Amino acid sequence: ARALAEAGRPLGRAAVIGEPTGLKPIRLHKGVMMERIDILGQSGHSSDPSLGHSALEAMQDVMGELRGLRAQWQREFNNPQFGVPQPTLNLGCIHGGDNPNRICGQCALEFDLRPLPGMDPEQLRAAIRGKLQPLALKHQVRIDYGPLFPAVPPFEQAADAELVRLAERLTGHAAQAVGFGTEAPYLQQLGCETLVLGPGDIDCAHQPGEHLELARIEPTVQLLRQLIQHYCLSRSEDVLRR
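Each residue of the sequence shown is one higher than the last, beginning at 345 in this note's numbering.
These are calculated hints, taken from the structure and not from any lab test.
Hints may contain errors.
Computed Cβ-Cβ distance ranges for the label pairs, DEER-style [what the hints assert, rightly or not]:
hint, residue 1, residue 2, range
1, 480, 441, 11 to 21 Å
2, 558, 442, 47 to 57 Å
3, 434, 502, 47 to 57 Å
4, 366, 577, 19 to 29 Å
5, 456, 346, 13 to 23 Å
6, 572, 523, 27 to 37 Å
7, 366, 452, 35 to 45 Å
8, 547, 442, 20 to 30 Å
As the structure is a computational prediction, the values presented were derived from the model and not from experiment.
Ideal placement from N, C-alpha and C gives every residue a C-beta, glycine not left out.
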């Protein structure tokens, strides 16, 4: 979907992303940014701190700045439509050092950032970079920062969009918001009204027992048939009035 968006090739009027939503329409989701910070210091024997520059101590300050940015963003951005209404930032894993009696020469941190619709991933990265350079000078270390993969942007489809209203009528559920990311923003960039709607439950995704109940297949097929009927075989205004 990202490649299609970059190529700018139109697909159609509407797009449905079949991620597991329990057949409830989703018109908003958070973005997904998974990032990495590497610090290169100078190792040395711990008996003489002047022999090195601790990457681990520098990373401690980096994590403090990230937590400060998280608090700032959570004050500035809030969307009550989400179960967790603020953006989140999780310090997921850290690796550094090799021995208690050695000054830590290298340290790496990987973290996950989930921005709300209206938050620009590149602006968030710029804010993070702005905090890192002063710390590199303070600790006399090298700090490298970049994404583990390109960010998935936040997504929002207008509540009054034709596709949203149709899906709400066909499913009997009001459109909702979720915290996970999908390909929806890329298809939206191509001019499609876009919605996330599919069988299954996200709670069992990426789990050892991940599955889709067979009983959910037929309702999904019927829903897709109704959507195809609306967009491909009927006048849109007639179907919406039924």
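Hint-by-hint comparison with the structure:
Separated by about 19 Å at the C-beta atoms, residue 480 and residue 441 satisfy the suggested range of 11 to 21 Å. Between residue 558 and residue 442 the beta carbons are some 51 Å apart, a value that agrees with the proposed interval 47 to 57 Å. The hinted range of 47 to 57 Å is not satisfied by residue 434 and residue 502, whose Cβ atoms lie roughly 30 Å apart. Taking 19 to 29 Å as the suggested C-beta distance range, the pair residue 366 and residue 577 conforms, at roughly 27 Å.
In this structure the hint that residue 456 and residue 346 lie 13 to 23 Å apart at CB holds, the actual value being about 19 Å. Between residue 572 and residue 523 the beta carbons are some 30 Å apart, a value that agrees with the proposed interval 27 to 37 Å. For the hinted restraint 35 to 45 Å between residue 366 and residue 452, the CB-CB distance of approximately 37 Å keeps it satisfied. The hinted range of 20 to 30 Å is not satisfied by residue 547 and residue 442, whose Cβ atoms lie roughly 39 Å apart.
Hint compliance for this structure: hints 3, 8 are not met, and every other hint is.
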